[in-house]
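Q: Chain by chain, the residues:
Protein chains: 2
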Amino acid sequence: MKALIKTLAVGLFCAAFCVQAQAADPIVLRDMGSFHPGGRIVELSGQPVRDIVRVPGGPTSKLDPNGRYMVEQMYAQYFLVQNRKGKLPILMWHGGGLTGATYETTPDGREGWRDMFLRKGWDVYITDAVERGRSGFPSPDIWPSSPVFLTQTDPWERFRIGPGPGSFDADPAKRKLLPGNQFPIEAFDNFTKQIVPRWLTTDDAVLTAYIALIDQVCPCVIIAHSQGGFFGFRAAEARPDKVKALIAVEPASAGPTDHAADVKNVPIVTIFGDYIDQDPRWVAYSKNVFAYLDAVRAAGGKPDVIELPKIGIKGNSHMMMMDRNNREIAEVIAKWLADKDFSEP
Amino acid sequence: MKALIKTLAVGLFCAAFCVQAQAADPIVLRDMGSFHPGGRIVELSGQPVRDIVRVPGGPTSKLDPNGRYMVEQMYAQYFLVQNRKGKLPILMWHGGGLTGATYETTPDGREGWRDMFLRKGWDVYITDAVERGRSGFPSPDIWPSSPVFLTQTDPWERFRIGPGPGSFDADPAKRKLLPGNQFPIEAFDNFTKQIVPRWLTTDDAVLTAYIALIDQVCPCVIIAHSQGGFFGFRAAEARPDKVKALIAVEPASAGPTDHAADVKNVPIVTIFGDYIDQDPRWVAYSKNVFAYLDAVRAAGGKPDVIELPKIGIKGNSHMMMMDRNNREIAEVIAKWLADKDFSEP
Chain A
0 MKALIKTLAV
10 GLFCAAFCVQ
20 AQAADPIVLR
30 DMGSFHPGGR
40 IVELSGQPVR
50 DIVRVPGGPT
60 SKLDPNGRYM
70 VEQMYAQYFL
80 VQNRKGKLPI
90 LMWHGGGLTG
100 ATYETTPDGR
110 EGWRDMFLRK
120 GWDVYITDAV
130 ERGRSGFPSP
140 DIWPSSPVFL
150 TQTDPWERFR
160 IGPGPGSFDA
170 DPAKRKLLPG
180 NQFPIEAFDN
190 FTKQIVPRWL
200 TTDDAVLTAY
210 IALIDQVCPC
220 VIIAHSQGGF
230 FGFRAAEARP
240 DKVKALIAVE
250 PASAGPTDHA
260 ADVKNVPIVT
270 IFGDYIDQDP
280 RWVAYSKNVF
290 AYLDAVRAAG
300 GKPDVIELPK
310 IGIKGNSHMM
320 MMDRNNREIA
330 EVIAKWLADK
340 DFSEP
Chain B
0 MKALIKTLAV
10 GLFCAAFCVQ
20 AQAADPIVLR
30 DMGSFHPGGR
40 IVELSGQPVR
50 DIVRVPGGPT
60 SKLDPNGRYM
70 VEQMYAQYFL
80 VQNRKGKLPI
90 LMWHGGGLTG
100 ATYETTPDGR
110 EGWRDMFLRK
120 GWDVYITDAV
130 ERGRSGFPSP
140 DIWPSSPVFL
150 TQTDPWERFR
160 IGPGPGSFDA
170 DPAKRKLLPG
180 NQFPIEAFDN
190 FTKQIVPRWL
200 TTDDAVLTAY
210 IALIDQVCPC
220 VIIAHSQGGF
230 FGFRAAEARP
240 DKVKALIAVE
250 PASAGPTDHA
260 ADVKNVPIVT
270 IFGDYIDQDP
280 RWVAYSKNVF
290 AYLDAVRAAG
300 GKPDVIELPK
310 IGIKGNSHMM
320 MMDRNNREIA
330 EVIAKWLADK
340 DFSEP
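From first to last, the protein sequence lines stand for chains A and B.
Its first residue numbered 0, the first sequence is counted upward by one per residue in numbering that gives the first Met the number 0.
Its first residue numbered 0, the second sequence is counted upward by one per residue in numbering that gives the first Met the number 0.
Treat the hints with care, as some may be off.
Copies of the same chain look alike in the list, so a pair counts if it fits in one copy or across any two.
[Unchecked claim] EDC-like mimics (lysine to aspartate or glutamate), calculated; alpha carbons at most 16 Å apart, straight line:
#1 Lys334 - Asp188
#2 Lys339 - Asp278
#3 Lys61 - Asp278
#4 Lys286 - Asp240
#5 Lys309 - Glu327
#6 Lys263 - Asp293
#7 Lys61 - Asp153
Just so you know, these hints were derived from the structure itself, not from any lab.
Produce the complete structure using the sequences and hints provided.
A: If you want it as structure tokens, here you go:
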């Protein structure tokens, strides 16, 4: 009884203080840096030379658009911990219209998954997919299609923060919320500062660069979110020997099933948040993902699925890595990885 | 004599091993993260609604471009050291067509200025200017002008790696080099992976976001490179009370002189590399900068100028933070900051 009370007391103390204490510990890195896997040279010719002024007050200079361009490279930033407990590095892949900033500080200023996993002893690689963020994008002469730009309405209604169409309003006080939602809505406008343009025609280039990254730094574990989940499944099919585990966080698609058998030996867990049934788009997305996982099972694989509400974790939006309970979900992932023997105790 | 031999021996040992030993020490951070200063809401209306497929195999969905957009925010990533010796944080601002990656790992895989200054005990903030990298850019409905895309020829010939027009060749073996150049030319193609598109019409938006950053995190010291130098001088004019020192690394322009008097009390050092006289564009750029500095002096200021060849440091290109001797130049900057009493011994 005394022992039980003591355990309970430590538990209560920890619920109040341990998270904060953990966040105050220094992050000790044996190295960090960045590099650009992938990329290819494209040569343009026959374009007119233009006169431009590069900086205000500077001289006029010629801009000759003809020549060699480096295109379709991908930016990767890495953080390698001093006291490593994860047996493999974790690669964190963001979703559509976003960048690696997804995994950093949350829009309301809390710690993100990058630092949570670093503090747990995992090496972390964060990328900006081809075309996004620090990866840049080529000229319309090389990519003829135009990018798509997201309104603030789009993520509010599509990321299961509000209850679908009509739930966003310019006035924050009038925005409708899915009941019990965990997204830090007071920082929603700040979240929309993370949005970058996306193309709808660049999947092959994105996947090629992700595979170049895998060939450079894996064996590894991949956490892939939303559109990134599509690339995660494709990359695991292409490199089942190097992608040692795939954590698909609300993959918007798992893609076609014709190569699903290739990942039958890859430990896979797919995680979904709350309110899926209440959004026809998410019903369609998850149906596609479940069909893929069924094909993996038919080939002898044993992919896991964690539907957070079914394990008592309620209210999660599509952006669960920045939801108020993001640490709780990081713990679910860390436990899954530990159960699969990917980390030291 | 014995003491001299001992000093000499330590010196020889250190020349061979101390740099590597330093790089092998862990980087200990009390915190790191990211945020987005600046940004404003723009509302679009009257545009047609389009049907798009967001992910392969996914359902068709409507894209309504009308609505509210967050635009002109800036991405800032920070690294705060555990054992602080710099009295103020250093903000590192990149040049045109580049991102904050400028200050990270060099294209040939050596340590960049970010980590060198962290190891010296400075807190570091690195930004992607508005429109670049993780800051994103708005649709043509909001910014009507088109971005400029740089060929590989452009930086080779304009950043004083090769001797101007005609010095670049598709074949690395045929590229002409300024004699003694310090740029890691074997990694030049890799360097061009850092290039991102730039607009020529966005100076006001970029400066507004930089000033928002300053209001958020300064007093501070700013290291600003190339086009970033233009913004560094403008920001120092706007916030001379918060920009406690400006290190302008090859500013491509210092801009108009009409507010130069506003920075008369700000410690300023402008650093130029080698070969300036051999490139008419750099003669023009530096002339503009010297005229600005003369205006600061006329107002009673005492800006410093360091022309690296004059202090015996030869062969530096425009990208000196990634040149082979980048550590030597970081030491020059660190010494200037120490002389101005911005760091603990």
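Q: Against each hint, give a clear statement of whether it holds in the structure.
A: Against the structure, the hints come out as follows:
1. Lys334 - Asp188: Cα proximity of lysine 334 and aspartate 188: none, with 32 Å in one copy and 42 Å across.
2. Lys339 - Asp278: neither (32 Å within a copy, 60 Å between copies)
3. Lys61 - Asp278: between (53 Å within a copy, 15 Å between copies)
4. Lys286 - Asp240: Neither, since 27 Å and 58 Å both go past 16 Å.
5. Lys309 - Glu327: within (14 Å within a copy, 58 Å between copies)
6. Lys263 - Asp293: within (11 Å within a copy, 70 Å between copies)
7. Lys61 - Asp153: Only across copies: lysine 61 and aspartate 153 sit 10 Å apart there, 41 Å inside one copy, limit 16 Å.
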